[in-house]
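Visitor: Sequence:
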Amino acid sequence: MNFTLNILGTASALPTSDRYSSAHVLDVHGRLFLIDCGEGTQMQMRRMGIPFMKVDTVCLSHIHGDHIFGIFGLLSTMGMLGRTACLNIFAPASFGAVLSFFLSTFGEGLRFRIEHHVLDSQEPEVIFQTRTTELLSFPLRHRIETYGFMVREKEPAFNVRKECIRKYGLSLAEIGTLKRGEDVVRPAGVDAGFSMEDGFVRHSGTGEPLVIPVSEAAYRPFRPRSYAYCSDTAPFPELAGWVRGVDLLYHEATYPSEMKDLAEKTFHSTTEDAARCALEAGAGRLVIGHYSSRFRDLAPFLEQTRAIFPESSLAHEGDVIEILLERAGKQ
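Going by this note's numbering, the sequence shown opens with residue 55, and the numbers climb by one from there.
In case anyone wonders, no lab produced these hints; they're calculated from the structure.
You can trust all of the hints, since none of them are fake.
When the alpha-carbon atoms are kept at most 27 Å apart in a straight line, the in silico DSSO-like pairs for lysine-lysine are as follows:
1) Lys216 x Lys233
2) Lys208 x Lys108
3) Lys233 x Lys208
4) Lys221 x Lys233
For each label pair, taking beta carbons as the anchor points, the in silico distance ranges come out as:
5) Glu236 x Gly299: 21 to 29 Å
6) Pro267 x Ile198: 49 to 57 Å
7) Arg215 x Leu157: 49 to 57 Å
8) Gly299 x Pro275: 18 to 26 Å
9) Ala361 x Phe156: 42 to 50 Å
10) Pro275 x Pro354: 41 to 49 Å
11) Asn213 x Thr58: 22 to 30 Å
12) Gly119 x Glu318: 18 to 26 Å
13) Lys108 x Pro267: 41 to 49 Å
14) Gly336 x Ala211: 22 to 30 Å
For each residue, glycine too, the CB sits at the ideal point set by N, CA and C.
Could you build the full structure based on these sequences and the hints that come with them?
Guide: Rendered as structure tokens:
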């Protein structure tokens, strides 16, 4: 049950000799989510051994070139490789014209369907889900319509303790109740059918109902993991609440804190903005990126961010970050 972030690009508007434009691939239980698709995405996927054909969900934050210029090449490559499976693209309405141009100009011979799901949420909203995973989108604050994304595991069903099955003589229906996270309540007068001599709890058939609390008889097998992508955006107060408790937060930090005026003018964030968002959100870990091309030395970025939020790191091309599964004990 892997939950792995692959960082393909960390540059902002202008790529550099060692930084590619924005692109991430999140691998959740073998399902690949491509988040933004800047120029060079295909090359980076090749270098990192990420198969094109396993991508079935693409999330585009906004229609600025450094976040979408790689999509034409990727779609064309998928076509040449013989893709037939549908590709879901979640993007603002403005992507519709881009997709229409691609299909009318380069789409001849494509054998797969491309579904453009228009983003229009005003607050965090589930836009796609599988049996185990949810994808959410939420608006960001940029010069044009822009969205952030969160991918998180769903709460797993409870595991029922074997010793409690025996102790209470649980029926299949009662086991199902506990797995849903609900207490089992046996009305007064209902007999479990086992004697105390055999080591089982028997309802006497009189008095109060017998309550078997889920806190005693069951437990969550693991804590769900989550990842949020916030780029491009100026800071705004609601964002920290929207990503509260996220395990891994990727937040743009285009400029160092001393360039706050420029960040405000361009609707971007500084290192301080990213760190404060992570701190207020109670994030487990912060990764910053989307660096301005005017900076080669990123050490000050890391220093400024860690001064506010110690669990911070710099994103680099080729980074692979695994969010480890925390299994719950049977305590």
